[in-house]
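There are 2 protein chains.
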Amino acid sequence: MFKGIITAILFFVFTSYCGFAQSEDSLMIKKISEEILLNGKASQNLYTLCKSVGTRLSGSAGMYKAEAWGLKALQEAGADKAYLQQCMVPHWVRGKKEFAGYRTKNKKTDPGFDVLAIGNSVGTGDQGVLAKVIEVKNFAELHQRKDEVKGKIVFYNYPFNKTLLRGAYGDAVRYRSNGASQAAKYGALAVIVRSVTGAYDDNPHTGALRYNDSFPKIPALAVSTKGADKLSGLIKGMYKDENLFVRSNCVMLPDTIGHNVIGEIKGTEFPDEIITIGGHLDSWDQGEGASDDGTGIVQSIEILRVFKTIGYKPKRTIRIVLFANEENGLRGGTKYAEEAKQKNERHIMAMESDGGAEYPRGFGCGMTKEQFAKVQGWIKFFEPFDATRFTFSEGGGGGADIGPLQTNFKTPQFGLSTTGQRYFDMHHAASDVFENVNTQELNLCAVVMAAMVYLVDKYGL
Amino acid sequence: MFKGIITAILFFVFTSYCGFAQSEDSLMIKKISEEILLNGKASQNLYTLCKSVGTRLSGSAGMYKAEAWGLKALQEAGADKAYLQQCMVPHWVRGKKEFAGYRTKNKKTDPGFDVLAIGNSVGTGDQGVLAKVIEVKNFAELHQRKDEVKGKIVFYNYPFNKTLLRGAYGDAVRYRSNGASQAAKYGALAVIVRSVTGAYDDNPHTGALRYNDSFPKIPALAVSTKGADKLSGLIKGMYKDENLFVRSNCVMLPDTIGHNVIGEIKGTEFPDEIITIGGHLDSWDQGEGASDDGTGIVQSIEILRVFKTIGYKPKRTIRIVLFANEENGLRGGTKYAEEAKQKNERHIMAMESDGGAEYPRGFGCGMTKEQFAKVQGWIKFFEPFDATRFTFSEGGGGGADIGPLQTNFKTPQFGLSTTGQRYFDMHHAASDVFENVNTQELNLCAVVMAAMVYLVDKYGL
Chain A
1 MFKGIITAIL FFVFTSYCGF AQSEDSLMIK KISEEILLNG KASQNLYTLC KSVGTRLSGS
61 AGMYKAEAWG LKALQEAGAD KAYLQQCMVP HWVRGKKEFA GYRTKNKKTD PGFDVLAIGN
121 SVGTGDQGVL AKVIEVKNFA ELHQRKDEVK GKIVFYNYPF NKTLLRGAYG DAVRYRSNGA
181 SQAAKYGALA VIVRSVTGAY DDNPHTGALR YNDSFPKIPA LAVSTKGADK LSGLIKGMYK
241 DENLFVRSNC VMLPDTIGHN VIGEIKGTEF PDEIITIGGH LDSWDQGEGA SDDGTGIVQS
301 IEILRVFKTI GYKPKRTIRI VLFANEENGL RGGTKYAEEA KQKNERHIMA MESDGGAEYP
361 RGFGCGMTKE QFAKVQGWIK FFEPFDATRF TFSEGGGGGA DIGPLQTNFK TPQFGLSTTG
421 QRYFDMHHAA SDVFENVNTQ ELNLCAVVMA AMVYLVDKYG L
Chain B
1 MFKGIITAIL FFVFTSYCGF AQSEDSLMIK KISEEILLNG KASQNLYTLC KSVGTRLSGS
61 AGMYKAEAWG LKALQEAGAD KAYLQQCMVP HWVRGKKEFA GYRTKNKKTD PGFDVLAIGN
121 SVGTGDQGVL AKVIEVKNFA ELHQRKDEVK GKIVFYNYPF NKTLLRGAYG DAVRYRSNGA
181 SQAAKYGALA VIVRSVTGAY DDNPHTGALR YNDSFPKIPA LAVSTKGADK LSGLIKGMYK
241 DENLFVRSNC VMLPDTIGHN VIGEIKGTEF PDEIITIGGH LDSWDQGEGA SDDGTGIVQS
301 IEILRVFKTI GYKPKRTIRI VLFANEENGL RGGTKYAEEA KQKNERHIMA MESDGGAEYP
361 RGFGCGMTKE QFAKVQGWIK FFEPFDATRF TFSEGGGGGA DIGPLQTNFK TPQFGLSTTG
421 QRYFDMHHAA SDVFENVNTQ ELNLCAVVMA AMVYLVDKYG L
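Those sequence lines, one after another, are chains A and B. The opening residue of the first sequence carries number 1 in this note's numbering; numbering runs sequentially from there. The opening residue of the second sequence carries number 1 in this note's numbering; numbering runs sequentially from there.
Chain A extracted, bound-state conformation:
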């Protein structure tokens, strides 16, 4: 009986405490959301990054402008300390505008297709490549028809599968990433890849490739989706026996110096426990790098700003990292984790936003089952924002840049997850501009990111 009363009292005390803590947390998250939704600076920052800095490929002048901008933005957001962390980055240069068009035997000149050299690709040089085209639907067809490939240009016309609502990019991107070496293996002279996008327009979408050192490095170009259909039609039709001329002047120069740009708020209770939040500062050289990954950058800075503005003093050290060179090397993320290991830092959580700023739906959670159970206990705080889709992957990643932290430290990873149906329409293309980012959705992403950081900072993981 007595024991029962004690249990009841303890239960009452415990639930009251929990109720109190929850209501305190709800109030804090409400405060965070109101500050961001009503007075947010993310959109203004994005505007400056897009319009004053512009594209910022590793090694380009834009990269240096972006680093200077990032340092200033972190200082203005209220960082206790903002600094650069040096790392070597690849320096790929596009050179003059690419060309792809038919040169027929009777010297008629085709107006050509909308193409872009694929990042990291070698160029054809001014002399170009003049050859017949073999169109393949996929790698299976390439392997099957390997005897026809020698001396030709391989055209991968693999469509972006719109029925794979969250997997179409991963499904199609292998032709851009590995298509060149796969074709070179059978003696192809160059490859053209249908742009990895759900959009149907004239914008070619670039991105990185990786050469397999066992095979010759051959030039690779992306063609717009409309261009791909046009090319496919011509191959089967009037230009069946004609040669295509492709020219690209891109070149990989020696590595150069780049930087991660970092801003911190020092933790009040556990300053040695580090929470890393970031996106990548580099972008491709098309459009403005607005959604890839300007939005991740300005959301991360916004978290720091909102904590400072509402006077929330984190227990742990909050480190905002604007990573260098995600696009064609991952040198920034690699360097960050290396230095962390050298300094024997304690990394208790990492979060990345690199999927644009559409309506947030939750997080991809790469961590242990026990950690995920704790995170799931917080789901109620995300209900007001409809951001309750927490997906679990044991020991999985939350983003490319924070991946090395997982490898080095088993740091729990959060990747912002959004509705994500528009991102690849503009990805690595001329259409990735500020005007295609919605301010309210951008701010909502920052709200849910800040709320999760607040909870992990307060309760640990």
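Just so you know, the hints here were simulated from the structure itself, not pulled from any lab data. Treat the hints loosely; a few may be bogus.
Since the list gives no way to pick one copy over another, a pair counts as held whenever it fits inside one copy or between any two copies.
[As the list claims (entries may be wrong)] Straight-line Cα separation of at most 20 angstroms, PhoX-like style, residue types lysine-lysine; simulated pairs:
(1) Lys97 to Lys458
(2) Lys51 to Lys72
(3) Lys41 to Lys226
(4) Lys369 to Lys380
(5) Lys41 to Lys162
These numbers were taken from a predicted model, which means no experiment stands behind them.
Given the coordinates of chain A, work out where chain B should sit on it, guided by the hints.
Frame of chain A; chain B shown alone:
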């Protein structure tokens, strides 16, 4: 023991049957989604509606063009029968471009503000209204300062509250709907209303007002959000004692003839049980009426097209209704329910899409608790599309046009629910154009609508 075995067998038979039915349904919904996502015609239809027909306010030439287009589109989608249902519609005409700007005592002319007459409003006529402006934050301030209102122009500067993620429009729209009569009650000569939008730009957003017949009908204009801030600054600053000149030439003409445009597939088993699906064909006279409600129109037509294309023969009669005059009268929806009552039709379900075509999240369900329980049992079919947010309102509505069916027949209502953070940025404004609708999101909305129609058709409600 024997009873136990029988129970076990029955249980096995029942679950096997359910499993079979579920898998058949999953397959059918997969088929629906693949047809729409890969071969969908909604975007193409929307392009034609936006670019060839354009705006289509009740009584305008655009309305007649839209009706002809709608009839043809329904026929092309494969309707067994497509026809017009006549109804009288209001005929409000904007007249020449509105103006609002300061006329100062020293005759300096202000360049003016971006304004639009609010729909159904009376005009000032060419002589305009020249008066001082009193700015109020809300109705409470208006009532408090009622003695200052006489002979003035009331400026409602109530902001769109971005922290109300799904309620900001409802919260702010009362100033546009009722502001004129509330101010007229205290002797105001005209009103200017801050546009009901989360966008911060130069586009004024129109929309309807309702006059209260107890008070004089005074002119009402909407000002863009940037314009509202500029006006607010001038009122407090340099133009404190100056008169604002406003002019509008809008006028309400006598009612004219309009039509609901209807396309049907006749049910194979229960042809007398009718499922109504629709949006509204009319739009305001700004932009192209793309999201309001071109998207609802083309999604509804797409449901009919997909059923025909994949060869699904509905048990019940599917009726696609492109409603007339939602924007400033609701005459189409009213007429449709009236005729249904006269003909003693059986309406077992109604669905409306009138919130744009952002990423779908589920449905607002206005029905009985029992019906809602049945609908919730289908939630698993919506998980692949992340459209699982089913909200319940007992006997509530699913959309303005289908509301009268609820009143007349207690017909269960489904209103498509989306993420909805972008819709009001463009709502009733020049920015509501085709380019601001994403094809994949548009198609996903059609998928979840078609899936729900399929389930209700098959199992009833």
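- Determine which of the earlier numbered hints do not hold for this structure and return their numbers in increasing order. 1
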